[in-house]
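Q: Here are the chains, one letter per residue:
Number of protein chains: 2
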Amino acid sequence: MGFDPGLATLGYGVIEKGKSLKPSMIDYGIISTPKTENLAVRLCMLEEGVKQIVAKFKPDEIAVEELFFAKNITTGINVAHARGVLLLTAVKECGRLYEYTPLQIKQALTGYGRADKHQIQAMVKSYLNLKAIPRPDDAADALAVALCHAQTNKLGKLFSI
Amino acid sequence: MGFDPGLATLGYGVIEKGKSLKPSMIDYGIISTPKTENLAVRLCMLEEGVKQIVAKFKPDEIAVEELFFAKNITTGINVAHARGVLLLTAVKECGRLYEYTPLQIKQALTGYGRADKHQIQAMVKSYLNLKAIPRPDDAADALAVALCHAQTNKLGKLFSI
Numbered sequence: 010m011g012f013d014p015g016l017a018t019l020g021y022g023v024i025e026k027g028k029s030l031k032p033s034m035i036d037y038g039i040i041s042t043p044k045t046e047n048l049a050v051r052l053c054m055l056e057e058g059v060k061q062i063v064a065k066f067k068p069d070e071i072a073v074e075e076l077f078f079a080k081n082i083t084t085g086i087n088v089a090h091a092r093g094v095l096l097l098t099a100v101k102e103c104g105r106l107y108e109y110t111p112l113q114i115k116q117a118l119t120g121y122g123r124a125d126k127h128q129i130q131a132m133v134k135s136y137l138n139l140k141a142i143p144r145p146d147d148a149a150d151a152l153a154v155a156l157c158h159a160q161t162n163k164l165g166k167l168f169s170i
Numbered sequence: 010m011g012f013d014p015g016l017a018t019l020g021y022g023v024i025e026k027g028k029s030l031k032p033s034m035i036d037y038g039i040i041s042t043p044k045t046e047n048l049a050v051r052l053c054m055l056e057e058g059v060k061q062i063v064a065k066f067k068p069d070e071i072a073v074e075e076l077f078f079a080k081n082i083t084t085g086i087n088v089a090h091a092r093g094v095l096l097l098t099a100v101k102e103c104g105r106l107y108e109y110t111p112l113q114i115k116q117a118l119t120g121y122g123r124a125d126k127h128q129i130q131a132m133v134k135s136y137l138n139l140k141a142i143p144r145p146d147d148a149a150d151a152l153a154v155a156l157c158h159a160q161t162n163k164l165g166k167l168f169s170i
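Going down the list, the sequences are from chains A and B. Counting from 1, position 133 in the first sequence corresponds to residue 142 in the numbering used here; the numbering is continuous, with no gaps. Counting from 1, position 6 in the second sequence corresponds to residue 15 in the numbering used here; the numbering is continuous, with no gaps.
In isolation and in its complexed conformation, chain A is listed as follows:
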């Protein structure tokens, strides 16, 4: 299971790696929280949403992208608040959490460290034999980190308790 952290929209993607080389898609989607709610309530909603999704799919492992700030600091703070709650909840509910850098994800999916968002999404569609690119972007990004975990054979940094 992969997660793409965010306060307004947190994406998740579930894949299965069976005996075949290619992983298959199980589900994807988002947990969203309304801007009209206060930050603490939104963090509680994210915790509850992550708990429910992990309980539903019972993943063997969870993969999350490492956080880098580049553009907007305010958005970055919000994402990091949400990501703190995500990491806490994911590791408590699943026990095996892996972190991947954006570079690792790009290289795992396209072989190219400077691939753009669209190239990554096209590879998600191709790897999982989907008819269209998953929407919204947050769900596609969550599938991308899950695929990175599967394709690299768990190369990421392991957070376990």
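It is possible that some hints are incorrect.
Same chains, same names: a pair is fine if it fits in one copy or spans any two.
Straight-line Cα separation of at most 20 Å, PhoX-like style, residue types lysine-lysine; simulated pairs [claimed, not checked]:
{"#": "1", "residue 1": "K65", "residue 2": "K101"}
{"#": "2", "residue 1": "K126", "residue 2": "K28"}
{"#": "3", "residue 1": "K44", "residue 2": "K166"}
{"#": "4", "residue 1": "K28", "residue 2": "K60"}
{"#": "5", "residue 1": "K101", "residue 2": "K60"}
{"#": "6", "residue 1": "K26", "residue 2": "K134"}
{"#": "7", "residue 1": "K44", "residue 2": "K31"}
{"#": "8", "residue 1": "K65", "residue 2": "K134"}
These are computed hints drawn from the structure, not numbers from a lab. Computed from a prediction, not measured in an experiment: that's the story for all the values here.
Add chain B to chain A, keeping to what the hints say.
A: Then chain B, alone, in the frame of chain A:
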């Protein structure tokens, strides 16, 4: 109860506002997490520490400083991860959480929006009739936000669930 968020060191300060005008100090201290542990484990340690302290002192209200980034982005990301867990845990355990900007804290304690760290700490010592400035800084900062909450009569932004 006031908290000063941080990943390596999270400060807390407990004060009581009785019938007298001046609040009195109950306790202060820190929850610390080792750099040798992974991020997810450290977030679990913070959650557990906050839970225990809130359970011990059963505060009516909790006050936390709003987060602004200025200096180091990496430190900022870590603080925001920790702060997400702090807000989640505090609101779940106490129910009434207030947020104060650095400006509100400075003005409440010194009447001056550009007061420096040392001036704030001197006022914490003075307001609470302490013999020395509380150490470490994180604990003094936590007492400062608790005092701001008491002195401004709950002026901060309320996060409640």
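Q: How would you classify K44 and K31 at a CA-CA limit of 20 Å: within, between, both, or neither?
A: So K44 and K31 fail the 20 Å test inside a copy (38 Å) and across (38 Å) alike.
Q: Please work out whether the CA atoms of K65 and K101 approach to 20 Å or closer within one copy, between two copies, in both situations, or in neither?
A: Result: close within a single copy only, 15 Å intra versus 23 Å inter.
Q: Could you place K28 and K60 in one of the four classes (within, between, both, neither) given a Cα distance threshold of 20 Å?
A: neither (28 Å within a copy, 44 Å between copies)
Q: When no copy is specified for K101 and K60, does a C-alpha distance of 20 Å or less occur within a copy, between copies, both, or neither?
A: both (9 Å within a copy, 15 Å between copies)
Q: Treating 20 Å as the Cα threshold, decide for K44 and K166: within, between, both or neither.
A: Only across copies: K44 and K166 sit 15 Å apart there, 32 Å inside one copy, limit 20 Å.
Q: With identical chains, the pair K126 and K28 could be close in the same copy or across copies; at 20 Å between alpha carbons, which is it: within, between, both, or neither?
A: Neither. Shortest intra-copy (29 Å) and inter-copy (60 Å) distances fail the 20 Å Cα cut-off.
Q: Treating 20 Å as the Cα threshold, decide for K26 and K134: within, between, both or neither.
A: Within. Shortest intra-copy distance 16 Å satisfies the 20 Å Cα cut-off; inter-copy 60 Å does not.
Q: Between copies, within a copy, both or neither: which fits K65 and K134 at Cα up to 20 Å?
A: neither (24 Å within a copy, 52 Å between copies)
Of the numbered hints listed earlier, those contradicted by the structure are 2, 4, 7, 8.
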